[in-house]
Amino acid sequence: MNNDSSSRITATLRDWIASAPPGAKLPSTRELVATHGASPVTVQKALRALTSEGLIESRPGVGTFVRAIRTARPLDYGWQTAALGSPLNRIPSSSTTMRSTPHGAIALHSGYPDRELLPERLIRAALGRAARSDAALSRSPASGLPELQSWFASELAAAVPVGVTPPTASDVIVLPGSQSGLSSIFRALVTAGQPLLMESPSYWGAITAAAQAGVRVIPIPSGPIGPDPTELARAFEETGARAFYAQPNYANPTGAQWPRETALRILEVVQSNGAFLIEDDWAHDFGITSTSTPVAAHDDAGHVVYIRSLTKSVSPAIRIAAIIARGPARERILADRGAASMYVSGILQAAALDIITQPGWHSHLRGLRQQLRSRRDLLIDSMGEHAALAHLTAIPPGGLNLWLRLPDTTDLPTLVRQCEDQNVLIASGIEWFPAEPAGPFIRLNYAGANPGAFPDAARVIGRALERAS
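In this text, residue positions in the sequence shown follow our numbering: the first is 8, and each later residue adds one.
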């Protein structure tokens with residue numbers, strides 16, 4: 008009987024709702040009990056049935072109402088196009104190196120080392136200590152923790168030859184990662200609309216930062232031993248540029264390292280033009296058969312603005328880097344940093360300082376050198392055996408990547424897509440060129456997860472390359 012009464016009440020109310028406007032209030036439970044001669048339990052059962060159908064909604068303490076039907080419609084943000092206007096600078100889309108890796112895929116596209124190459128024990132202990140320290144409750148100085156400033160200065164000072172004045176802690180600006188530092192340097196020292204000389208190919212992040220800062224990039228061709236100093240001098244003369252961005256040690260993407268003679272000649276060119284060398288030492292800790300030798304160690308006149316990052320060698324979760332600059336250039340960069348982020352997290356600075364001052368840090372770096380060498384050589388051998396059409400431009404003495412030239416007839420987008428279809432992620436070389444690419448290239452990271460899969464990945468790349476060439 009109750010079931011029949013509930014169904015009857017439900018049907019009656021459904022008819023009433025069909026003719027009622029959205030938001031109309033239903034009779035109270037007491038009124039429905041009296042109207043239909045049913046128990047409160049039966050009435051509540053009918054109301055629950057109508058609620059499950061989406062016809063009514065209950066508002067506690069207010070009553071039950073006919074639910075408004077919400078019709079799905081496409082959202083239109085077209086008005087924003089007129090409101091925003093044309094962008095001053097078109098920022099490149101996010102790099103393929105930042106893509107997440109699907110489960111089971113072989114990731115050769117990433118720009119970061121695998122977790123097993125990080126000092127995990129040191130990281131966890133340092134973060135725990137930092138969380139219990141005063142750094143967890145206080146604001147750090149705008150230019151960074153003094154102890155961390157001193158460490159960065161002493162690291163560069165260790166490479167300074169006799170006769171050159173080493174940097175001091177007061178020359179250091181601590182950053183939340185080097186990417187933000189590049190943006191500040193380009194804005195503060197180059198300024199919008201002005202020319203910036205840049206190695207080509209070059210780090211995609213620097214190309215993006217330059218676009219964001221609105222500077223005009225002039226590519227300088229660079230090979231396995233760096234750019235030609237004579238060509239650089241000509242570019243300074245022709246463009247009137249006052250800065251040159253480069254990665255003299257283990258360049259991303261090529262892995263190239265400038266010989267000492269090239270480095271000193273380029274420094275002379277920069278000095279003679281009254282310009283800046285923006286030296287990005289991103290891979291300082293990733294030497295394999297050599298060590299990083301900063302050009303900044305040979306300059307005490309403020310021509311070299313030096314960037315050193317710990318993000319990749321310590322942990323991507325501890326984004327800490329530093330700029331070493333002298334004179335008014337430092338003050339302009341610091342002013343831009345203050346406008347952009349005010350200061351860097353004290354906890355992250357304290358944790359980074361803890362890690363790099365532990366005895367285990369140097370032991371970790373010694374082991375890392377051997378691990379990178381074995382991974383690099385395994386990927387080189389695998390590509391040589393299974394993907395012979397991909398030509399290794401040079402064996403990198405350090406860094407994380409191989410840079411391979413493909414046949415000129417290669418359809419690069421098709422190659423990348425076919426490899427991805429086979430669960431192998433590779434990075435197209437297009438995004439590392441600030442102007443037109445010099446040819447089809449791919450960048451492969453040998454520091455990623457599962458190096459045992461390198462031969463399988465090389466087979467996939469080799470087969471796809473044969474089809475796409």
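Simulated from the structure, these hints should not be mistaken for lab results.
A portion of the hints provided could be inaccurate.
With a straight-line cut-off of 25 Å between C-alpha atoms, the simulated DMTMM-like cross-links for lysine to aspartate or glutamate are [stated by the list, open to error]:
| # | residue 1 | residue 2 |
| --- | --- | --- |
| 1 | K52 | D83 |
| 2 | K32 | E64 |
| 3 | K32 | D22 |
| 4 | K32 | E60 |
| 5 | K52 | D22 |
Taking CB as the label site, the calculated pair distances span [what the hints assert, rightly or not]:
| # | residue 1 | residue 2 | range |
| --- | --- | --- | --- |
| 6 | A324 | R241 | 40 to 46 Å |
| 7 | A199 | G85 | 26 to 32 Å |
| 8 | R122 | R241 | 43 to 49 Å |
| 9 | A199 | H110 | 25 to 31 Å |
| 10 | P28 | S145 | 57 to 63 Å |
| 11 | G200 | T175 | 29 to 35 Å |
| 12 | S59 | A346 | 30 to 36 Å |
| 13 | G61 | R122 | 55 to 61 Å |
| 14 | L385 | E443 | 41 to 47 Å |
| 15 | A346 | R223 | 48 to 54 Å |
Virtual Cβ for every residue (Gly too), placed ideally from N, Cα, C.
Results for each hint:
The suggested pairing of K52 with D83 is violated, with an alpha-carbon distance near 41 Å, which exceeds 25 Å. The hinted pair formed by K32 and E64 meets the criterion: a straight-line CA distance of about 10 Å does not exceed 25 Å. A threshold of 25 Å between alpha carbons decides the hint, and for K32 with D22 the separation of about 14 Å falls inside it, so the pair holds. Of the supplied pair hints, the one linking K32 and E60 holds, its CA atoms being roughly 17 Å apart against a limit of 25 Å.
At most 25 Å may separate the alpha-carbon atoms for a hinted pair to count; K52 and D22 meet this at roughly 17 Å. Restraint check, A324 to R241: a C-beta distance of roughly 44 Å satisfies the suggested window 40 to 46 Å. For A199 and G85, the Cβ-Cβ distance of about 29 Å falls inside the hinted range of 26 to 32 Å, so the restraint holds. Between R122 and R241 the beta carbons are some 45 Å apart, a value that agrees with the proposed interval 43 to 49 Å.
The hinted window of 25 to 31 Å between A199 and H110 is violated, with their beta carbons roughly 43 Å apart. For P28 paired with S145, a C-beta distance near 59 Å keeps the hint of 57 to 63 Å intact. Distance hint check: the CB atoms of G200 and T175 are about 34 Å apart, consistent with the given range 29 to 35 Å. In this structure, S59 and A346 break the distance hint of 30 to 36 Å, their C-beta atoms being roughly 55 Å apart.
Between G61 and R122, the C-beta spacing of about 46 Å breaks the proposed range 55 to 61 Å. Between L385 and E443 the Cβ separation comes to about 33 Å, which falls outside the hinted range of 41 to 47 Å. The hinted range of 48 to 54 Å is not satisfied by A346 and R223, whose Cβ atoms lie roughly 22 Å apart.
The structure does not agree with the numbered hints 1, 9, 12, 13, 14, 15 stated previously, though it agrees with the rest.
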